[in-house]
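J.: The residues making up each chain are set out below.
Protein chains: 2
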Amino acid sequence: MKTFVIALGLLAVAAQAQQNPAAAAARNWREAHERAIVAEFMELLAMPNLARDESAIRRNAAAVSAVLEKRGVKTRLLEVPGAPPVVFGELATPGATRTLIFYAHYDGQPLDPKEWATPPWQPVLRNGPLDHNGDLVALPSSGPIDPEWRIYARSASDDKAPIVAIAAALDGLKASRIAPRSNLKFVFEGEEEAGSPHLAQIIENNKGLLASDVWLICDGPVHQSRRQQIVFGARGITEFDITLYGPSHELHSGHYGNWAPNPAMMLARLLSSMKDDDGRVTIEHFYDGIEPLSETEKRAVAEAPDVDRDLMRELWLGRTEGGGKKLVELLNLPSLNVRGMSSARTGAQASNVIPATAAATIDIRLVKGIGTEMAARRVLEHIRGQGYFITESEPDAEMRMAHPRLAKVAAIPGGYNASRTSMDLPISQLVLRTADSARGPVVRLPTMGGSVPLYMIEEILHAPTITVPIANHDNNQHSYNENLRIRNLWDGIELMAALLAM
Amino acid sequence: MKTFVIALGLLAVAAQAQQNPAAAAARNWREAHERAIVAEFMELLAMPNLARDESAIRRNAAAVSAVLEKRGVKTRLLEVPGAPPVVFGELATPGATRTLIFYAHYDGQPLDPKEWATPPWQPVLRNGPLDHNGDLVALPSSGPIDPEWRIYARSASDDKAPIVAIAAALDGLKASRIAPRSNLKFVFEGEEEAGSPHLAQIIENNKGLLASDVWLICDGPVHQSRRQQIVFGARGITEFDITLYGPSHELHSGHYGNWAPNPAMMLARLLSSMKDDDGRVTIEHFYDGIEPLSETEKRAVAEAPDVDRDLMRELWLGRTEGGGKKLVELLNLPSLNVRGMSSARTGAQASNVIPATAAATIDIRLVKGIGTEMAARRVLEHIRGQGYFITESEPDAEMRMAHPRLAKVAAIPGGYNASRTSMDLPISQLVLRTADSARGPVVRLPTMGGSVPLYMIEEILHAPTITVPIANHDNNQHSYNENLRIRNLWDGIELMAALLAM
Chain A
2 MKTFVIALGL LAVAAQAQQN PAAAAARNWR EAHERAIVAE FMELLAMPNL
52 ARDESAIRRN AAAVSAVLEK RGVKTRLLEV PGAPPVVFGE LATPGATRTL
102 IFYAHYDGQP LDPKEWATPP WQPVLRNGPL DHNGDLVALP SSGPIDPEWR
152 IYARSASDDK APIVAIAAAL DGLKASRIAP RSNLKFVFEG EEEAGSPHLA
202 QIIENNKGLL ASDVWLICDG PVHQSRRQQI VFGARGITEF DITLYGPSHE
252 LHSGHYGNWA PNPAMMLARL LSSMKDDDGR VTIEHFYDGI EPLSETEKRA
302 VAEAPDVDRD LMRELWLGRT EGGGKKLVEL LNLPSLNVRG MSSARTGAQA
352 SNVIPATAAA TIDIRLVKGI GTEMAARRVL EHIRGQGYFI TESEPDAEMR
402 MAHPRLAKVA AIPGGYNASR TSMDLPISQL VLRTADSARG PVVRLPTMGG
452 SVPLYMIEEI LHAPTITVPI ANHDNNQHSY NENLRIRNLW DGIELMAALL
502 AM
Chain B
2 MKTFVIALGL LAVAAQAQQN PAAAAARNWR EAHERAIVAE FMELLAMPNL
52 ARDESAIRRN AAAVSAVLEK RGVKTRLLEV PGAPPVVFGE LATPGATRTL
102 IFYAHYDGQP LDPKEWATPP WQPVLRNGPL DHNGDLVALP SSGPIDPEWR
152 IYARSASDDK APIVAIAAAL DGLKASRIAP RSNLKFVFEG EEEAGSPHLA
202 QIIENNKGLL ASDVWLICDG PVHQSRRQQI VFGARGITEF DITLYGPSHE
252 LHSGHYGNWA PNPAMMLARL LSSMKDDDGR VTIEHFYDGI EPLSETEKRA
302 VAEAPDVDRD LMRELWLGRT EGGGKKLVEL LNLPSLNVRG MSSARTGAQA
352 SNVIPATAAA TIDIRLVKGI GTEMAARRVL EHIRGQGYFI TESEPDAEMR
402 MAHPRLAKVA AIPGGYNASR TSMDLPISQL VLRTADSARG PVVRLPTMGG
452 SVPLYMIEEI LHAPTITVPI ANHDNNQHSY NENLRIRNLW DGIELMAALL
502 AM
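As you go down the protein sequences, you meet chains A and B in turn. Take the first sequence: its position 289, counting from 1, is numbered 290 in the numbering used here, and each next residue is one higher. Take the second sequence: its position 262, counting from 1, is numbered 263 in the numbering used here, and each next residue is one higher.
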């Protein structure tokens, strides 16, 4: 009976999806050009794309520009000294009164190639997820590509997929002679994964060029149920490297053990003072000032599918944090996360020493009402409250002796505040109607858990931002073996076509 | 006035040192052969000597045998399958009623060459400690070698120095025609730094060969005041690798942060539950059962020089643990030390993930009355008491889901119990008198902080062990840039000569 209801629901979804002619046109095009689309994608993924690798990132910018130019989009590079360029593209529609900006980024997260099953910039196809023993397969020479196959490469999902989806969508619209109704602009950034340190300045320098009615942020994953989701905000972020100090150099753990303080143990104590056993942050005032959700937003959160049990199975989790709240609720709260910890060596590399230093990198996700400076102040106050003297630069012997509890806390540049666009705006309603008609009833979320630099767009341009993700949630984004499920690329092409034509 | 008293004391020490003719003979020999002694040492240090590197460790065994054979010592290798050999040597003294065994080890601690200023097995001389800007210098072609120079190489101090000191001492005794009064045996082990996993078996197989009145353990550093010390015991040791589990793979910290449990934070909580802020171990019963010190031992501890303030300056420490107790007192207690911690990546390598696992390696130093099994049981009980299910092997998805708090705890093989020889035994008194006469009044300690496998010698052979170290305390033993101060080699040659002749 339950299966029957679900099947009926899916039929309804499919029927509804066909209501959008742009999406249908894109599907027809895609079905006839699957191999070419994937080939163009893989070519783009074969380019190393770390924001800090200047020559590589410029090669990416040139390739991304070429992808747009091929579709008749006029492009230019928006530059500030010392930064990867923004690829800007424009497709003017005579008589249009509305301007849409499609944002994506072409740089990828830093990585350690040793952790990857195949080299991160040598894209490969697998006939299923790697953690379900997906095998390497070749692009078939004819016939459709199995939509459950995946493409593995850095930025396959985050965030080159939308660039290729937009390109294919433009092809599909053109082939069906569906003209856009809005002016279309494209902003493809080259240093999002480095924290977008120059985006504000580039926007500031190009306010006229970047004027629009809405920024559609093509980044992040769809819902874990695999349903399309439309997201109206993103959490902000601020990050810190914390280093604690023990003896001037590693000491023999026998000759000095239980006399010389151990910085690894000190770090354990400091970090554990920041959260309780259920994951609630215990830093004073950490949750103070959160801007509450509107009634529409609360309803959207309540209506979001509950996938927590499935996700727990998928991620091998026996419990979750957050006092029994659903994931989708918890994303509307700020978080504190330990990205990594290191002190001397472990396992086979360990030697019997008292380490000289211990380090952790933490990130704090922010929500509306709690800005980066406020959050940073609270964290620093907490560290001081644990008895630590805080320095921003590497301490010398004198400082280490003067301050037995000494923490070097380096704020990682590039943090930014959270943002949230009201779901009740007319443009929000238009986007939701369009997406519903292209992809069936979509999941509506007030915020995503991740961070994209929406705040500066709202602040400088006073434009609303709405996030229209296409990647599968299980894409290993920001980790090794990042991948995109082919079905998500196909669906993304249809969504993009509908939005481009709206 | 204080300086004057110290100077008088040093004069008295110097006068007393000359009372031992064997030490004086060794000094004369050394003064005439400094370059040859250092050259022989550096040749030995140029051989990679990890216990697990079978061919390399056998080359060391051959070289060490040759060093002894050159001095007329008859050698053989004591073997068990799959283990580095013990180099056994014997120098019989007709009519002697006492037999002394000199123990040292020729293998070195595992290392990461990247951490070393110069390659670990390319010994170099520096005109001072590296952390005081000691520069590389060549062995002078004539004249004495500055005794404040240091030799940098793996095992320079731990533990090839005593082997070379014994060799030079034997040369000095022979040159002055001073005949040993005891039968002399030498046991040079090849896997001490791997935890001596086969030493017990080798001793068991060679009980007659290894019979003696005392084992003189030539390992470890002299007192931090640079005075000679004689040590009557060693702490035992047991070690664990602990791994905690989060999600099946690294997750995006935004999309899953404050929902998916973070194993780095869990590890921080677990470790911090094991010690309080002053370094006192909070594992239940951790200190129960400690065998108390005798009156002689208590007096020795009380009389040991207080170097804590100097050490703190040397090690850049603003505080110490242990409730205000002196280092020398604290070494008579068991300790728990975090050797290293790791989870995902930190600093420039960090990415915004929730790590999948977090690991720590800990060591526990044991004292008389608390054996390895007892200590291990207490640690495991504590981990269970924190809500963890313990597994010994890598858990699968099912186990991870069934036990949300899951710890893989792998006991590192090769731990052993503490040992302590009474200072009141006649052989203890003889060793102390001999050392006093050779090196001035020596520091007497009931135990060293470090661990050497004395327990099995006492248990299997019923022979007392007394440790006669020669290395400088600031030798970076067990870490990178291990070194030996030349003065310590010179002093060690005199001490060894006196002991060999006693």
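Do not rely on the hints blindly, as some may be mistaken.
Because identical chains cannot be distinguished in the list, a pair is counted as satisfied if it fits within a single copy or across any two copies.
Claimed, not checked - Below, computed lysine to any residue pairings styled on SDA-like, alpha-carbon distance capped at 25 Å: (1) K115 / S249; (2) K409 / R346; (3) K326 / R406; (4) K71 / G196; (5) K175 / D309; (6) K115 / D242; (7) K208 / A412; (8) K409 / S273; (9) K299 / L210; (10) K115 / R346.
It is worth saying that the hints were derived from the structure and are not from the lab. Note that the structure is predicted; figures quoted are calculated from it, not measured.
J.: Give a verdict on every hint.
T.: Do the hints match the structure? See the list:
1. K115 / S249: Classified as between; 18 Å across copies, 31 Å inside a copy.
2. K409 / R346: both (20 Å within a copy, 17 Å between copies)
3. K326 / R406: Cα proximity of K326 and R406: across copies only (19 Å, versus 36 Å in one copy).
4. K71 / G196: For K71 and G196, neither the intra-copy (30 Å) nor the inter-copy (67 Å) Cα distance is at most 25 Å.
5. K175 / D309: neither (41 Å within a copy, 81 Å between copies)
6. K115 / D242: Result: close both inside a copy and across copies, 23 Å intra and 23 Å inter.
7. K208 / A412: neither (29 Å within a copy, 63 Å between copies)
8. K409 / S273: both (18 Å within a copy, 20 Å between copies)
9. K299 / L210: neither (35 Å within a copy, 83 Å between copies)
10. K115 / R346: Answer is both; intra-copy 18 Å and inter-copy 13 Å each pass.
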